[in-house]
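Now for the letters of each chain:
There are 2 protein chains.
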Amino acid sequence: MARQILDFLRAKDGFVSGEDISRELSISRAAVWKHIANLRSIGYSIEAVPHLGYKLLSIPDKLLPEEVSHNLKTKIVGKNIFYYETVTSTMDMAFDLGFNAAPEGTVIFAEHQTNGRGRLGRSWLSPKGKGLYMSLLLRPKFLPQEAPKLTLMAAVSIVEAIKAQTGISAFIKWPNDILIENKKVAGILTEIDSEPDRIKFVNIGIGVNINSIRSLLPDAATSLSAESKKSVCRLELTKDILRFIEKNYLILINDGFDSIREKWKASSSILGRRIKLNYQNREVSGEAQDIDMDGALLLRRDSGFIERVLSGDVIKVN
Amino acid sequence: MARQILDFLRAKDGFVSGEDISRELSISRAAVWKHIANLRSIGYSIEAVPHLGYKLLSIPDKLLPEEVSHNLKTKIVGKNIFYYETVTSTMDMAFDLGFNAAPEGTVIFAEHQTNGRGRLGRSWLSPKGKGLYMSLLLRPKFLPQEAPKLTLMAAVSIVEAIKAQTGISAFIKWPNDILIENKKVAGILTEIDSEPDRIKFVNIGIGVNINSIRSLLPDAATSLSAESKKSVCRLELTKDILRFIEKNYLILINDGFDSIREKWKASSSILGRRIKLNYQNREVSGEAQDIDMDGALLLRRDSGFIERVLSGDVIKVN
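Note that the protein sequences, when read in sequence, are chains C and F. With UniProt numbering applied, the first sequence closes on residue 318, and no number is skipped along the way. With UniProt numbering applied, the second sequence closes on residue 318, and no number is skipped along the way.
Only chain C is shown next, with the shape it has when bound in the complex (with noise of 0.2 Å):
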């Protein structure tokens, strides 16, 4: 109800008064006060002025579900929306719901995260409210080795949705982060729960720095906000993310994957660089030479030997 308090809200300009609202949705007088005292609570600014009535006036900076569905325009990504104030990590939640049969396209949001994680069980700094922390579950028909190609996928809208909202070109990282002038702005963490020959689900977790302040953020990291000079809007960042994962992701299982890996080699840092990885526990330099059908990364050693790399850490990039 409070939802379409809020859309019959934002349907108008000017102010609506309660005697419409409660004649439209066919409530209480008291109950449209009720659900305007809530939406404020949460957040929303509402100008209530005698003998005209209500005005919305702002909307809370965040990621509420409502706000996220309203004109998202998704079939399935986003179709289906968790949001809390605080977890540990979005990650744990989406692993719970995975085990507990939620459709393909259910996203968790968190405004905070105690334990947001990276690859590798290193951590992912999640200030309040300053950034984007979400996971997005998947039931895709693949085998467990094809994951690398969701993380690409991933990559490849994110940079889409930064230089939508904000202009700037981003780079990916091979293979799960996005920088900005050499800078991570944002990362990408790919759980899989499998059997060995079929995926059950994939929890794809985005972090991204938003609007965080750059002195708080490490020293290879930078934020949206402090590349473009300008705050960002989490809201439609956000909501674009989402749209182009779902293009992206139907293009994926539709068509395969040769155009997600044209649009991931336009934005790659380092093909055709030199770069030292770091991989199952070994040092390796290199090529970047290209990525293969499964995603994973093609190096041309010294040897003129081409190693085949799922994934590891690039250490340097000259």
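It cannot be assumed that every hint is accurate.
Just so you know, same-sequence chains aren't split out, so a pair can sit in one copy or run between any two.
Derived pair list, reagent style DSS-like, types lysine-lysine, alpha-carbon separation capped at 27 Å [unchecked claim]:
#1 Lys173 / Lys183
#2 Lys263 / Lys183
#3 Lys200 / Lys184
#4 Lys276 / Lys141
#5 Lys128 / Lys62
#6 Lys141 / Lys316
#7 Lys276 / Lys200
#8 Lys141 / Lys200
Keep in mind the hints are simulated off the structure, nothing from the lab. Since this is a predicted model, take the numbers as computed values, not measurements.
Got chain C sorted already, so can you dock chain F onto it with the hints?
Here is chain F on its own, set in the frame of chain C:
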């Protein structure tokens, strides 16, 4: 303390006086009596004779941690045991434990599962107290695509334990069924929690029909008691399974897959034979030629093409 009393009773052939127990363990006579009463309530048969003391007559037919641990002599597998009368599935418990940092080798037993599961979401019948329903949590430094090796390692271990306990030669129907006289006596379910380039943990679910009555099992299934025409000690079989798994797991991680693969091939019910497979939603047939270094089946199609099959259902063997 109950466990120490049990060990004390087990160490003597005849009666042990309450006074001796009380002195040895530094507890009161009343405490001794309470522990004895408690042991009786969980199924231990303990005789008490005035002036003579206590005598252990029999242990309950349950996979109690104190019984499984007794003389187990493993270093990893089963050092940490969880036991339940009834669970949905030991795999559910294993995932919870995996996420909560349970150590490698943790084992979960249940006397009964309300939602025991097999591959591809199939169910596994779990009559109370008649079979072995367990999950084993491992944390090998493997790539996710190497997980089939663990399924084969477990299959080999179960065949060895069945042979040791009953003298029966069981065979492995690739990838995860154990057969006696072409009927299914045990199954293995491998579930993996991973990132694209590393396994975080693997749960190996093992179901063995031990003392189930033949007429209550599906047509294509059998039990060890039905095949050996006598009841089989669940506890000793279980302990042997844990011991053989430990042995073979250590071989696998220290010396590689070679010798497990050779053992596996020696117990295979399909190698060298013409089979029909259900695989990735299609039917293929050919000769089961070999198992490769990742544990995948190499199927020689009629065209001569060798197809590499990660997992599937053998639906016909000629």
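Going through the hints against the structure:
In the homo-oligomer, the alpha carbons of Lys173 and Lys183 lie at most 27 Å apart inside one protomer (10 Å), although the nearest pairing across protomers, at 52 Å, exceeds that limit. Taking CA atoms no more than 27 Å apart as the test, Lys263 paired with Lys183 passes inside one copy only; the shortest distance there is 21 Å, against 52 Å between copies. Only between protomers do Lys200 and Lys184 lie at most 27 Å apart by alpha-carbon distance; the minimum there is 25 Å, versus 31 Å within a single protomer. Taking the shortest alpha-carbon separations for Lys276 and Lys141, only the inter-copy value of 22 Å comes in at or below 27 Å, while the best intra-copy value is 34 Å.
In this assembly of identical chains, the alpha carbons of Lys128 and Lys62 lie at most 27 Å apart only when taken from the same copy (10 Å versus 50 Å across copies). For the homomeric pair Lys141 and Lys316, the shortest alpha-carbon distance between copies (25 Å) is at most 27 Å, but the shortest distance inside one copy (35 Å) is not. In this assembly of identical chains, the alpha carbons of Lys276 and Lys200 lie at most 27 Å apart only when taken from different copies (25 Å versus 34 Å within one copy). For the identical chains of this complex, Lys141 and Lys200 are neighbours both inside a copy (8 Å) and across copies (21 Å), given an alpha-carbon limit of 27 Å.
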